[in-house]
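**Student:** So the chains spell out like this:
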Amino acid sequence: MTRQTSRPRLPSQARREGREGTRPPEAGPGEVEIALTVNGTRRTVRVEPRVSLLDALRERLGVTGPKKGCDQGACGACTVLVEGRRVLGCLTLAITCEGRPVTTVEGLADGDRLHPVQEAFIANDAFQCGYCTPGQLMSAVALLEEGRAGDDAEIAEWMSGNICRCAAYPNIRAAVRQVRDARAEGEGGR
Amino acid sequence: MSTVPHRARAAQVGRPMDRADGRAKVTGAARYSAEYAPPGTVYAVLVGARIAAGEVTGIDARRALRSDGVLAVLSHLNLPPLAAEPHLLPSLAGAAASGQSFFPMRDARVHYAGQPVAMVVADTLERAGHAAELLEVSYRAEPHVTGLEQGREHAYEPERIFAGFLPGRIGRGDVDRGLAEADTVVETVHRLAANHHNPIEPAAATAQWQDGRLTVHDSTQGPTATRLTVAELLGLPPSQVRVLAPAVGGSFGSKAMVWSHPVLAAMAARHVRAPVKLAVTREQMFTACGHREEQEHRFTLGARRDGTLTAMRHHKLSPTSPFDDWTEPSLEMPARMYACPNHEGVYRLFRANTMTPAFMRAPGEASGMFVLETAMDELAGELGMDPVELRLRNHCDDDPSTGLPWSSKGLRECYARGAEMFGWHDRAPVPGTRTDGHWLVGTGMASAVYPVYQAMGPQRARVRLYADGRATAETACADFGTGVGAVMRQVAAAALGIGAEQVEARYGDTELPTTVAAVGSAGTGAIASAVHTAASALREQMVARAVADPASPLYGTDPGRVEAAGGRMFPQGGSGGGEAYTDVLRRHMMSDAEALGAWDPPGADGGYAAATFGAQFAEVGVDPDLGLVRVRRMLGVFAPGRVLNAKTARSQLMGGMLWGVGHALLEATRMDPGSGRWANASMGDYLLPVNADAPEVRVEFAEVEDAVVNPLGAKGVGEVGVVGASAAIANAVHHATGRRFRDLPITIEAVLGRGQGASA
Chain G
1 MTRQTSRPRL PSQARREGRE GTRPPEAGPG EVEIALTVNG TRRTVRVEPR
51 VSLLDALRER LGVTGPKKGC DQGACGACTV LVEGRRVLGC LTLAITCEGR
101 PVTTVEGLAD GDRLHPVQEA FIANDAFQCG YCTPGQLMSA VALLEEGRAG
151 DDAEIAEWMS GNICRCAAYP NIRAAVRQVR DARAEGEGGR
Chain F
1 MSTVPHRARA AQVGRPMDRA DGRAKVTGAA RYSAEYAPPG TVYAVLVGAR
51 IAAGEVTGID ARRALRSDGV LAVLSHLNLP PLAAEPHLLP SLAGAAASGQ
101 SFFPMRDARV HYAGQPVAMV VADTLERAGH AAELLEVSYR AEPHVTGLEQ
151 GREHAYEPER IFAGFLPGRI GRGDVDRGLA EADTVVETVH RLAANHHNPI
201 EPAAATAQWQ DGRLTVHDST QGPTATRLTV AELLGLPPSQ VRVLAPAVGG
251 SFGSKAMVWS HPVLAAMAAR HVRAPVKLAV TREQMFTACG HREEQEHRFT
301 LGARRDGTLT AMRHHKLSPT SPFDDWTEPS LEMPARMYAC PNHEGVYRLF
351 RANTMTPAFM RAPGEASGMF VLETAMDELA GELGMDPVEL RLRNHCDDDP
401 STGLPWSSKG LRECYARGAE MFGWHDRAPV PGTRTDGHWL VGTGMASAVY
451 PVYQAMGPQR ARVRLYADGR ATAETACADF GTGVGAVMRQ VAAAALGIGA
501 EQVEARYGDT ELPTTVAAVG SAGTGAIASA VHTAASALRE QMVARAVADP
551 ASPLYGTDPG RVEAAGGRMF PQGGSGGGEA YTDVLRRHMM SDAEALGAWD
601 PPGADGGYAA ATFGAQFAEV GVDPDLGLVR VRRMLGVFAP GRVLNAKTAR
651 SQLMGGMLWG VGHALLEATR MDPGSGRWAN ASMGDYLLPV NADAPEVRVE
701 FAEVEDAVVN PLGAKGVGEV GVVGASAAIA NAVHHATGRR FRDLPITIEA
751 VLGRGQGASA
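If you read the protein sequences in the order shown, they are chains G and F.
Position 162 (the first sequence) corresponds to 162 in my numbering; numbering is contiguous.
Position 291 (the second sequence) corresponds to 291 in my numbering; numbering is contiguous.
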């Protein structure tokens, strides 16, 4: 799912490498056409440079899984993965995501088969209104990939960028634990 | 997941069941109100007043209108008139339900900062937002009043509060005499900060006109309330307004009433002849959907040496808007909690430059019970009595405010089970003596109570059974996180005698049978009762058809002696000899059968008082050097009558209890008295609990049967979880430190002995 490398790369490095050393062309202030790869599908969209990744997804591409809770980077509801790293869609300009794969909550399931984290969220009732849930899921998927679910305190700390006003927090921790333990069991049995 | 025993219909209800919309919510498929985009949708952005009082002296829209993509600027200069005056009315009444008796942009007056003074419509959200910045609004400011210290001198005692439903003064007995009889008197003053709901989904409405009919996707607790309010204010027949809200991203009271934005979205859509999406921004949410008002409580409690209460005096001072006499009813439930013969409760208000405050989860109960239950803890300390024992000493079997018996209670069991499970009796006898490393550790408890509110009119549902054995249950209600969809499935399945998996719940649409807004913890009980009534009627209809049919094995059987389970009807006392619903439908060439059910809630004069009770326990650690308070564990035992879905009910109660963490330690919207504006109107600056703040929470049920409140005996779990939780935490902080904190939230500064709220 994710392409996490052991050493984090700065977005600017990734961009430079993606462009093979060429300087990005200037764009704007009017609309420009950009190509975004969202959940494995290449989509073109016309945006002004000021358009956030979140608004490009929600308002222009009909990808409404990522949520707008605050538009200020405080709530985490807009969390998506860009090149496997979680970013806040509301604080990321769409135009900077050209050529970088974007994964949203819509991209977690494999067809009709839910991602184990999605299944665990349902089984543990890890949400109520569901509005923060897409962001919670993206963070949970990423922290499990990164091996940051060692104990409850670690899960709680790494999940604290995603506010759940319904306060399903203990159930969110239970869901993450369940997937962690199932994976450990699966690896142990191999 | 447990299997459903054959013939045990009732077992469908109560078992833990996953949310009906779980899959939609984890895949991103669930659509919230700002996620509909009919072709040609354009965007409206509100512009809020930058002053707290005065008037708009000019609106220069020239630059905004020249900006790319801008379609219109609406303000008091060109907004069409309303067809009716907005009147504050709680949405539980089932009529038009404006959140305040005021509608913006009708004249130049500014009553509160953030009041909408203009609305910009453009083809994209960014262009609308940019043009809103270009709009030049000029003001003439006047002196304003926003805080307690500014308003105290002008306070008045309102005749009635809460849209006229409650008196401004309540009482019984003679408080002065009761105090004279007391051996011990505790007097406290509490300052509680204003709070905002902060649902993660900001309010939003998408409005579309088609052939004179209006469709609004609204983020609301009551699609019916939005329909009736929008129709009344715009002068439309309600039948011409359709409101949809299948998914709502939290509310906690902020979407319980109808504010101006769905009406403004509809006005904008008519003006530009295109569908309009109006999403309130997070900052605007602090001045768009009400709030819990800042409040000061002065409280006096008198008791005899044995702990028997002799008197209670409870005065509350709080700001209201220029339009309404609103204050959350903080005095009612504390007055009804204990057997105290003498009580006096007085509300005092002052007019302030804020919008009308609103319901916020356990409105009044959370604040009032914080005051009562921390004062009870102080009293227990004065008397040298265990806090649980003090409460048992004053337990009331009847409602002390009316003398009516409680329809069900279960509180003694809540105390007993809670104390045992929590290990209450192991607590240190002297506060401030238990440590864990550098942490001071303490425990606290409090009572919880929330009244049973009833809708005022009939609640309706439709249940349809198809010839393939599947069924649908339908009501207009919204699911804003309550999990009502799963309960509808369970209740319909139980009454029909089929599997819950066979039932699909449809809701969130005013075209479906009418139910009132799900508010006051009354939603699930009302909706479930309507579904139960409809599904029971459908079962009776099917039984009647079978017993009258010579081709049925049930022909001639007394319908009263026919049972249904597993999709089959059969004579009582044995599963043989019956037939399946599907056989009857097919034989009669019916593709389906359906019934509409209407449940009439009991009136207020039924001879009973009704409330949900519970007991809260909390353990905290306090870092005396850093002023940090960490809640280490919480336990709540509640007696909500019949639990319809153990899974979602537990989650709601747990969420409520964790709201107590916010109420006790974090949540405060601070008014800047100089500018008259909220100083921290963002989710970064308004502190609320994050995952690392939330301890493990244990929720238990004390079983009580309630034959009065509704046919299912369900009293509601949406709000009682927060009541008393902040008091239990504050009492635990006292137990840990030996220091009493009477103001909320208990900030780091207060624990360090600096700033507001510090006490000895």
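Derived from the structure by calculation, the hints contain no laboratory data.
The beta carbon of each residue, even a glycine, is placed where N, CA and C say it ideally should be.
Misleading hints may appear alongside valid ones.
Chain F stretches covered by chain G per the calculated footprint, using a threshold of three residues with CB under 8 Å from any CB of chain G [stated by the list, open to error]: (1) 227–241; (2) 449–459; (3) 494–501; (4) 527–535; (5) 581–594.
Now the stretches of chain G that chain F is said to cover, found in silico as 3 or more residues with beta-carbon under 8 Å [unchecked claim]: (6) 37–46; (7) 81–88; (8) 91–104; (9) 155–169.
Over 10 Å on every C-beta distance to chain F, these chain G residues come out as not near it, computed from the model [as the list claims (entries may be wrong)]: (10) Asp55; (11) Pro66; (12) Gly69; (13) Ile122; (14) Asp125; (15) Gly147; (16) Asp151.
**Student:** It remains to establish, for every hint, whether it holds in the given structure.
**Tutor:** Against the structure, the hints come out as follows:
1. For a cut-off of 8 Å, the count of residues in the segment 227–241 of chain F with a CB near a CB of chain G stands at 0, and the three-residue condition is violated.
2. Coverage of the segment 449–459 of chain F by chain G is violated. Counting CB-CB distances below 8 Å, 0 residues qualify, and the rule asks for three or more.
3. Residues of the segment 494–501 of chain F with a Cβ under 8 Å from some Cβ of chain G number 0, which does not satisfy the need for three, so the listed coverage is violated.
4. Given a C-beta distance limit of less than 8 Å, the hint that chain G covers the segment 527–535 of chain F is violated, as 0 residues qualify and 3 are needed.
5. Taking a C-beta to C-beta cut-off of 8 Å, the segment 581–594 of chain F contributes 0 residues in contact with chain G, too few for the three needed, and the coverage statement is violated.
6. Here the segment 37–46 of chain G counts 0 residues with a CB under 8 Å from a CB of chain F, which misses the bar of 3, and the coverage is violated.
7. Only residues whose beta carbon comes within less than 8 Å of a beta carbon in chain F count, and the segment 81–88 of chain G has 0; fewer than three means the coverage is violated.
8. Counting residues of the segment 91–104 of chain G whose CB lies closer than 8 Å to any CB of chain F gives 1, so the stated coverage by that chain is violated, three being the minimum.
9. Note: the segment 155–169 of chain G has 14 residues with beta-carbon separation from chain F under 8 Å; the three-residue rule is met and the coverage holds.
10. Non-interface status of aspartate 55 of chain G relative to chain F is broken: a Cβ of that chain comes within 10 Å, the nearest being about 6 Å off.
11. Consistency note on proline 66 of chain G: stated as away from chain F, yet its beta-carbon is not over 10 Å from all of that chain's, at 8 Å minimum.
12. Under the 10 Å C-beta cut-off, the non-interface status given to glycine 69 of chain G relative to chain F is violated; the minimum distance is some 4 Å.
13. Non-interface status of isoleucine 122 of chain G relative to chain F is broken: a Cβ of that chain comes within 10 Å, the nearest being about 4 Å off.
14. A beta-carbon of chain F comes within 10 Å of the beta-carbon of aspartate 125 of chain G; the shortest separation is about 5 Å.
15. No beta-carbon of chain F is positioned within 10 Å of the beta-carbon of glycine 147 of chain G; the least distance is around 18 Å.
16. At the 10 Å boundary, the C-beta of aspartate 151 of chain G stays outside the reach of chain F, the nearest C-beta of that chain being 13 Å off.
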